[in-house]
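> Position 110 (the sequence shown) corresponds to 112 in this note's numbering; numbering is contiguous.
Worth double-checking, as some hints may not be accurate.
Stated by the list, open to error - In silico DSSO-like links for lysine-lysine, alpha-carbon gap of 27 Å or less:
no.: 1; residue 1: Lys-52; residue 2: Lys-132
no.: 2; residue 1: Lys-214; residue 2: Lys-224
no.: 3; residue 1: Lys-224; residue 2: Lys-203
no.: 4; residue 1: Lys-212; residue 2: Lys-116
Derived by calculation from the structure, the hints in this document are not laboratory data.
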Amino acid sequence: MEAIYKNDIEETDYALDEDRVNFLEKKQRELITSTIDYNLESLSQLINKKIIDLAPKYQRRFRWDNNRKSKLIESFLMNVPVPPIFLNEDDFGKYSVIDGKQRLSAINEFLDGKIVLSGLTVFKDLNDLKFYDLPIEFQNSLRIRANLRAIIILRQSDKDIKYEVFQRLNTGGVKLNSQEIRNSAFPGYLNDTILKLSESKNFHKLLGIKSKSSSGIYQEMKDAELVLRFFALKDMWQDYAGGLKRLLDNYMDTIRLVASLIVN
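All chains, full assembly: derive it from the sequences and hints.
Here you go:
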């Protein structure tokens, strides 16, 4: 009897181990990637042709100032390794940025002549110059020799994996605030509606947003959070007992869950 019982335990343990292995293998299969090294000119062309989307809805808004953009360009001139970017393959030949939006924006703006270099500490003589003001050898070096690695999450991957990757990658660098996290963690109809309403010109005027690029309210998505507060307090005021952040998180999570049940 004891031997039979022991065998049952061993068989159960084996089954559990097998299930665990199958689960892990399934999770690994959900994320399928490809790696490509692009020169900067190629990246800029892909952005200009709208092949790479710099502003998917789950992304944060632009945050880098001119000095930081200039430092990135200086890093390429110095051959300093720059961390890879992560792209999601939305459709065949179409990509959106998961991580690296600021780097790609800086590269594209500089090669298009929209950035005046500033704050450079190694190539000080290049301060106050645009791309086409640089010596031709520097231009060619930046266009062709400098490269940036892209890790691409292919279409075969789980459709929601890009949001998980985005959250994991964006735990460092410029820290995400609560609304930026919600924007990446709760994609769907409600989040799209919030973003659309927050872009209202009248709403921006009411909030004193004159320039998106220089407004902290816009850059940090505080306008979007105000829209979310309206809906959350209107629909769930009876559940509010303090802790506004928790209420807003729960509201977005609840609406997304309800929407997914309706669709399914």
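> For the pair supplied as a hint, Lys-212 and Lys-116, is the alpha-carbon distance within the 27 Å limit?
21 Å, holds
> Holds or violated: are the alpha carbons of Lys-224 and Lys-203 at most 27 Å from each other?
The hint holds at about 15 Å.
> Are Lys-52 and Lys-132 close enough, with their CA atoms no more than 27 Å apart?
Answer holds: Lys-52 to Lys-132 is near 23 Å, not above 27 Å.
> Would the pair Lys-214 and Lys-224 pass a check requiring their Cα atoms to be no farther apart than 27 Å?
12 Å, holds
Going through the hint list in order, the structure satisfies each hint without exception.
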